[in-house]
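Protein chains: 2
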Amino acid sequence: MSASLSQLVHQLSARFNNQQQAFDNPPLYAHIVVNCRPLVHLLPGSLLIEQSYAMDPLKPYRIRVLRAQTRDEKLIIFSYSLSDEQKYWGSVYEPERMLKIEEKDLQAIEGCNYIVRKKNSNFIGEVEPGCRCLVDRKGVTTYIVSKFELTNKGEMRTLDRGHNPVTHEQLWGSLGGVFEFNRTTDFSKEIPYDWIEEWKK
Amino acid sequence: MSASLSQLVHQLSARFNNQQQAFDNPPLYAHIVVNCRPLVHLLPGSLLIEQSYAMDPLKPYRIRVLRAQTRDEKLIIFSYSLSDEQKYWGSVYEPERMLKIEEKDLQAIEGCNYIVRKKNSNFIGEVEPGCRCLVDRKGVTTYIVSKFELTNKGEMRTLDRGHNPVTHEQLWGSLGGVFEFNRTTDFSKEIPYDWIEEWKK
Numbered sequence: 024m025s026a027s028l029s030q031l032v033h034q035l036s037a038r039f040n041n042q043q044q045a046f047d048n049p050p051l052y053a054h055i056v057v058n059c060r061p062l063v064h065l066l067p068g069s070l071l072i073e074q075s076y077a078m079d080p081l082k083p084y085r086i087r088v089l090r091a092q093t094r095d096e097k098l099i100i101f102s103y104s105l106s107d108e109q110k111y112w113g114s115v116y117e118p119e120r121m122l123k124i125e126e127k128d129l130q131a132i133e134g135c136n137y138i139v140r141k142k143n144s145n146f147i148g149e150v151e152p153g154c155r156c157l158v159d160r161k162g163v164t165t166y167i168v169s170k171f172e173l174t175n176k177g178e179m180r181t182l183d184r185g186h187n188p189v190t191h192e193q194l195w196g197s198l199g200g201v202f203e204f205n206r207t208t209d210f211s212k213e214i215p216y217d218w219i220e221e222w223k224k
Numbered sequence: 024m025s026a027s028l029s030q031l032v033h034q035l036s037a038r039f040n041n042q043q044q045a046f047d048n049p050p051l052y053a054h055i056v057v058n059c060r061p062l063v064h065l066l067p068g069s070l071l072i073e074q075s076y077a078m079d080p081l082k083p084y085r086i087r088v089l090r091a092q093t094r095d096e097k098l099i100i101f102s103y104s105l106s107d108e109q110k111y112w113g114s115v116y117e118p119e120r121m122l123k124i125e126e127k128d129l130q131a132i133e134g135c136n137y138i139v140r141k142k143n144s145n146f147i148g149e150v151e152p153g154c155r156c157l158v159d160r161k162g163v164t165t166y167i168v169s170k171f172e173l174t175n176k177g178e179m180r181t182l183d184r185g186h187n188p189v190t191h192e193q194l195w196g197s198l199g200g201v202f203e204f205n206r207t208t209d210f211s212k213e214i215p216y217d218w219i220e221e222w223k224k
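Sequence lines, in order, name chains A and B. The first sequence begins at 24 in this note's numbering and counts up one residue at a time. The second sequence begins at 24 in this note's numbering and counts up one residue at a time.
No wet-lab data here; the hints were simulated from the structure. By construction, the Cβ of each residue, glycine as well, lies at the ideal position given by its N, Cα and C atoms. Warning: the hint list may mix true and false statements.
Unchecked claim - These stretches of chain A come out as covered by chain B in the derived footprint (C-beta under 8 Å, 3 or more residues): (1) 53-61; (2) 76-89; (3) 132-144.
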């Protein structure tokens, strides 16, 4: 299990983009960059994730702290929002700014953690059951159904959809829908030795 | 009818983008720029249209000549592909290059013309019936169902979907799906006086 946790954090620690997909299927897919980089001064498994349009990489539309841990023999990725998050926009490109993030800046996002399982050499993560991961979009509350798949070849596929909390009808999300990312930069060498030692225990 | 034709060409002659939509709904909508500019040296109603990702405006993923005309009391927008089209990429930003396009460079695209109707002060265009507007996407043939709406406030909404020619099942296109563009530059002042006089006849 600890070996899997280590492997998961290694595969997550990267810059990904879906340039190929966007170019192959215009105009159906926005061109997105995802940066997921170890927060080496925080608890093992802590990663800063920024998601942005490729044309505006320093203004992420979403910035979060993820923390991959094992709980009851399960791999979980916990999700946290950041207070004063704009201060950290684009810091995945200047990691010295990432070091200013402190534990007290993190707020757990209830219902939005990922349960991760391994399938062959891939990791598949899905938002925990319960339809509790709520977001507002244009004043309408929806719950998120979100899934990702990471391969050991550096690919990541993601699927996000918003559903009506009462009728469960899908309200947004594309039909073809899966974003297909490739790793363009590997950040796994930044994972601290301490974390790896901790995971071996 | 001729007044409508003139009005349609005026409303089409513009640069449009969906920046607001892309920023409001990340990452569901690619950020797209559409340029539609009069080809003043060709037959009345001829427009060069380039559609591109906003981050790569000089490399359109689609470039076409449109020609708005009336036929049997109907407003039709005929679609043409360009031979050696790469030569004209980005020419909507350098209109002197547009002048090099000749009639002999145009090939009618069968089945992909738009039938346009007026609804209040808006124009609504739909690909002609018959499921004959075929495109290949990743080696799979689909027919296009395409619709646009132009308002007299400079807005344009578009919807494109690909369907299986046999089962008619939708194969691509987003579910929320409508792209919402705003006019950012008005090119209608470039419409030649000759065209307007012709339409008055």
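For this session: Taking the numbered hints from earlier one at a time, note which ones the structure violates and give those numbers from smallest to largest.
Result: 3
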